[in-house]
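Listed in order, the protein sequences are those of chains Y and G. With the first sequence counted from 1, adding 4 to any position gets you the working numbering. With the second sequence counted from 1, adding 1132 to any position gets you the working numbering.
Read the hints as simulated data drawn from the structure, not as lab findings. Even glycine gets a Cβ: it sits at the ideal position worked out from N, Cα and C. Mixed in with the good hints there might be a few duds.
[To be verified] Simulated crosslink set (BS3-like; lysine-lysine; CA at most 27 Å straight-line):
(1) G/K1561 x G/K1582
(2) Y/K231 x G/K1231
(3) G/K1571 x Y/K244
(4) G/K1231 x G/K1423
(5) Y/K167 x G/K1582
(6) G/K1360 x Y/K244
[To be verified] Partial selection, computed: residues in chain G whose CB lies under 8 Å from chain Y:
(7) A1268
(8) D1439
(9) M1601
[As the list claims (entries may be wrong)] Sample of chain Y residues with no beta-carbon within 10 Å of chain G, all distances over it, derived:
(10) R176
(11) N206
(12) V218
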Amino acid sequence: MALFSPIPTALSTLSSKCSLSTKPLFTLPNRRNLSLFVTRSSADKGEGMVGSAAVEEKVEKKKESPSPDLEEKKLEEEEKEESPLDSNGAAVKVEIPKFQDPRWVGGTWDLKQFEKGDKIDWDAVIDAEARRRKWLEDYPEASSNEEPIIFDTSIIPWWAWIKRFHLPEAERLNGRAAMIGFFMAYLVDSLTGLGLVDQMGNFFCKTLLFIAVVWVLLIRDNEDIEKLRKILDETTFYDKQWQATWQDDTSSDSKK
Amino acid sequence: MASLSSPTTAATRRQDSPIRPFVGLRRSPSNNCIPTSRNAVPSRHHLQIRAAKSSPRLPGRPLRVAVVGGGPAGGAAAETLAKGGVETILIERKLDNCKPCGGAIPLCMVEEFGLPLDLIDRRVTKMKMISPSNVAVDIGRTLKPHEYIGMVRREILDAYLRDRAAEAGAQLINGLFLQLDLPESGEGPYRLHYNLYNKGTSSVASERQTVEVDAVVGADGANSRVAKSIGSGDYDYAIAFQAMRIPEEKMKYYEERAEMYVGDDVSPDFYGWVFPKCDHVAVGTGTVTHKGEIKRFQAATRLRARDKIEGGKIIRVEAHPIPEHPRPRRVLGRVALVGDAAGYVTKCSGEGIYFAAKSGRMCAEAIVEGSENGNRMINESDLRKYLKKFDQMYWPTYKVLDVLQKVFYRSNSAREAFVEMCADEYVQKMTFDSYLYKKVVPGNPLDDLKLAVNTIGSLVRANALRKEMNKITL
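Excised from the complex, chain Y in its bound form:
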């Protein structure tokens, strides 16, 4: 993680956040972000140093007073771990900033805080959850029984997902299909003289149409061709491993 000055990363976060959305709701987490980066001291995780044999690990919790620009926010808990077996001989301190967000209450998102007028802003919920998951991926936290996380993505209604993710992709794909269709229709017409209506009646043209549709749906990036091939291999690989013993069936009788 960032050994150099944490301020530039926080600033870039601020700017990237603003570019993502101009909603005022996002400035609050950004300020907190800043403070979290400032108070975090980065170091190697001491836990990775545990070697063989029985080792005693003591975990101490330390609470820190809130930084000045966060008067209304909750206390930040920072945990320090000391590993006596650090390879350098010096005690290594590790502080893991916990995920905090004023809208994250009781292990789930407080939907009331996402209301825009009288409707809930689902896009903001999706953004907030994405950020939370990204945070926890980068800074894994201990799972706790006192504050269990009970958020389920299915509370976000299906149409919010469709509007946000499916529709732009569908637009892209339909655009591709339309362009390919127009160009191919023109090409086939110039080569064979068949107009659009006549092409639809021809079997070969219908096959071409089918292939074009399937191609547009399955292959959206250049990497997809390799991915599809790998998936095909994967689905049969485990079967091959189990069948391997039966390949020997004919040759083994002679080995007695």
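Since the structure of chain Y is provided, determine the placement of chain G on it from the hints.
Frame of chain Y, contents of chain G only:
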């Protein structure tokens, strides 16, 4: 599981050691013991006798089979062989071996193998699945009061099965298997070389011995030497874990609960776990693709469980391989592999004890059948019958778990979807039913359809969030 002697010393000493014939050392098959009262359930194997017509009758002696390895697979195989009238020797190098293992056995194992209930240290009835973003789901709501996952200490279970085999008539030998000589001719015997550990002395003092048998059952685990002897091919594996003793009040939380942590931090292709044992918990993780980083994964597992194991002391650190797919060749001639040696560990859950014991038993049954209770020589086709039976019976289970692993352990977003799906009661019921009874039971088709729709929905949502996550830089 490193061997103590090198193959070179074995080769040089081969000329010196006399070949000791096996006949005359064992009691005759007619003295087979009846099952003792320790069995909770009387043995109910009713074997159909169908001899291989081509195999000759053995001249005045029963079939001799060596079982190499005294774990669940070896113990179950030796017991069934001995009960079936076959002369059995069971070679085990460490009789008190504390195997680093989750130690979870399904309900069907207790019934099928007649395990006494005091073997089970704990009954786990609640499992907590924890996603990469710490969404925690409790599964086990659908369990009936008599259903549980049994947690055992491997040294207790293994010793029990071995003792039962010994009571049935198998000869238990404490020794280290060194080498297997394949027969010169088609009907010739297999020659086993092993180091016999003398009782009462330190393990250093050992005596090189040789024995001739008609067939060999390789039950010697992931690093099987029997498998090497028959050129069985290799496979991938890794696992590691530590035992931790945690304070009493924290131990109460794990009274009947086990935890599973999924996430890239904990394992890229498996999961991290906290399983309760008799007086401590086992915190571990495993991986196949990133074996070199296992320590990091172990540390990450401890971090995720930190609040719940706080104040705990590490009492033991262990690592051990487990196979993740079957070996390319499981039978050659009159040598068959069972258990971990054959690679019968499921994907996704990493379960192996039940399949080891079951495969040991099935292989032994096939040998007893093929030899007409020890009267005829067997050949490879008899052993292949065991393979066929095992593959037919458990192939759906293995395949389903493989598909689950491929779909749900793929990435963090897939794991999030996985944990979300586990909150569904139908999923819980299907999962536990198939785990506890080892039968892939097709449920109500309408529910299955709803499940499929929900699964796709979860995966789509998780992947959509993933795309959003990739746009964010923290």
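Each hint tested on the structure:
no.: 1; hint: G/K1561 x G/K1582; in the structure: 14 Å, holds
no.: 2; hint: Y/K231 x G/K1231; in the structure: 40 Å, violated
no.: 3; hint: G/K1571 x Y/K244; in the structure: 23 Å, holds
no.: 4; hint: G/K1231 x G/K1423; in the structure: 20 Å, holds
no.: 5; hint: Y/K167 x G/K1582; in the structure: 23 Å, holds
no.: 6; hint: G/K1360 x Y/K244; in the structure: 21 Å, holds
no.: 7; hint: A1268; in the structure: 5 Å, holds
no.: 8; hint: D1439; in the structure: 5 Å, holds
no.: 9; hint: M1601; in the structure: 4 Å, holds
no.: 10; hint: R176; in the structure: 13 Å, holds
no.: 11; hint: N206; in the structure: 36 Å, holds
no.: 12; hint: V218; in the structure: 19 Å, holds
Violated hint: 2 only; the structure is consistent with all others.
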